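Enquirer: Sequence:
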Amino acid sequence: MKKKYEWQPDNYAKNSSLQYQYAMEAIPKLNLKGNESILDIGCGDGKISVKLKTLLPHGEVVGIDSSCEMIQFANKTYLESDNQGISFHTMDATQISFDRGFDIVFSNSALHWVKDQLSVLKCVNKCLKKNGRIFFQMTGKGSMENIIHAFIHLLEDKKWQPYFTEIQFSGGFFTEDQYRNWLKETEFHPVRVELVKKEIIFSGKTELEGHILAAWHPITERVPEIDRNAFVSDLVDRYLKIVPVNGDGFPTVEVVRLEVEAVKP
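With the first letter of the sequence shown counted as 1, position 193 gets the number 193 in the numbering used here; the numbers rise by one all the way through.
No lab work stands behind these hints: they were computed from the structure. All of these numbers come straight from a predicted model, not from anything done at the bench. For each residue, glycine too, the CB sits at the ideal point set by N, CA and C. Do not take every clue at face value.
Below, in silico cross-link-like pairs of lysine-lysine (BS3-like), each with a Cα-Cα straight-line distance of 30 angstroms or less [claimed, not checked]:
id : residue 1 : residue 2
1  : Lys126    : Lys115
2  : Lys53     : Lys14
3  : Lys47     : Lys29
4  : Lys264    : Lys129
5  : Lys115    : Lys198
6  : Lys47     : Lys14
Computed spacing ranges between beta-carbons, pair by pair [to be verified]:
id : residue 1 : residue 2 : range
7  : Lys159    : His89     : 36 to 42 angstroms
8  : Gly101    : Asp248    : 45 to 51 angstroms
9  : Thr175    : Gly101    : 27 to 33 angstroms
With the hints as extra help, turn the sequences into a complete structure.
Expert: The following block contains the structure:
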């Protein structure tokens with residue numbers, strides 16, 4: 001997709017419980033002392049940055065996102081109250097520029113939308129202190145294969161086909177070896193690079209549809225808003241024919257998360 005898509009922060013805030021869950025599983029792995037400075041790449045609506053700040057009474061969090069709509073939402077939602085030590089900025093992950101050093105660069109459920117990971121890592125290296133750490137978590141190679149399969153077949157439907165001509169995914173789902181090589185090329189010391197498989201259970205079709213509307217927005221926004229819910233409903237219907245609900249009647253999705261921990265020597 002060559003055009004810059006516009007995220008919908010209100011919709012994302014309502015339908016991003018899964019991304020929040022991923023973050024809550026990741027944050028304990030940071031082993032925070034409470035005085036660190038953290039850069040949060042792809043901070044979205046800001047709620048995870050705010051959660052990080054609650055764990056840093058003597059620290060600071062800077063959230064960045066390429067979506068000005070998301071940053072406006074984060075500023076309006078969180079910075080009108082007395083949230084000191086936290087700020088939000090519109091900034092592309094491949095063009096990070098700060099005249100200071102961070103202890104940790106964190107990213108949750110964002111960097112799979114960026115194809116040029118080398119540029120991200122070069123920028124991150126420049127803005128990290130010596131012995132600073134990175135913790136990235138993103139969608140990894142092999143994730144959601146059956147939903148992608150359902151999506152590809154849905155594009156054969158003449159109703160939806162016109163909206164997806166010349167579609168190009170702006171990011172990528174990466175392997176462990178790919179990321180280790182990029183870390184070494186940008187002079188990081190890899191600590192842990194791991195693909196982690198998870199089964200996500202949704203409460204019903206409606207929750208799964210909400211997740212796709214929020215997390216797949218750069219894809220679904222190609223469909224006019226008046227037809228978008230119908231498109232996602234068709235997609236989920238096709239998916240559930242491939243992967244029926246579990247024994248308890250709930251939809252499940254197999255995901256693969258790429259977790260990256262590294263240190264700047």
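Enquirer: Compare the structure with each hint and give your call.
Expert: Status of each hint after checking the structure:
Restraint check: the Cα-Cα separation between lysine 126 and lysine 115 comes to about 19 angstroms, which is no more than 30 angstroms; the hinted pair holds. For the given pair, lysine 53 sits about 21 angstroms from lysine 14 by alpha-carbon distance, which is consistent with the 30 angstroms threshold. Distance check on the hinted pair: lysine 47 and lysine 29 sit about 18 angstroms apart at the alpha-carbon level, within 30 angstroms; holds. Between the alpha carbons of lysine 264 and lysine 129 the distance comes to roughly 8 angstroms, so the proposed pair stays at or under 30 angstroms and holds.
Only pairs whose Cα atoms come within 30 angstroms are accepted, and lysine 115 paired with lysine 198 is accepted, the gap being roughly 23 angstroms. At most 30 angstroms may separate the alpha-carbon atoms for a hinted pair to count; lysine 47 and lysine 14 meet this at roughly 11 angstroms. Our hint of 36 to 42 angstroms for lysine 159 and histidine 89 holds, since their Cβ atoms are close to 40 angstroms apart. Between glycine 101 and aspartate 248 the beta carbons are some 49 angstroms apart, a value that agrees with the proposed interval 45 to 51 angstroms.
At about 30 angstroms, the beta-carbon gap between threonine 175 and glycine 101 stays in the expected band of 27 to 33 angstroms.
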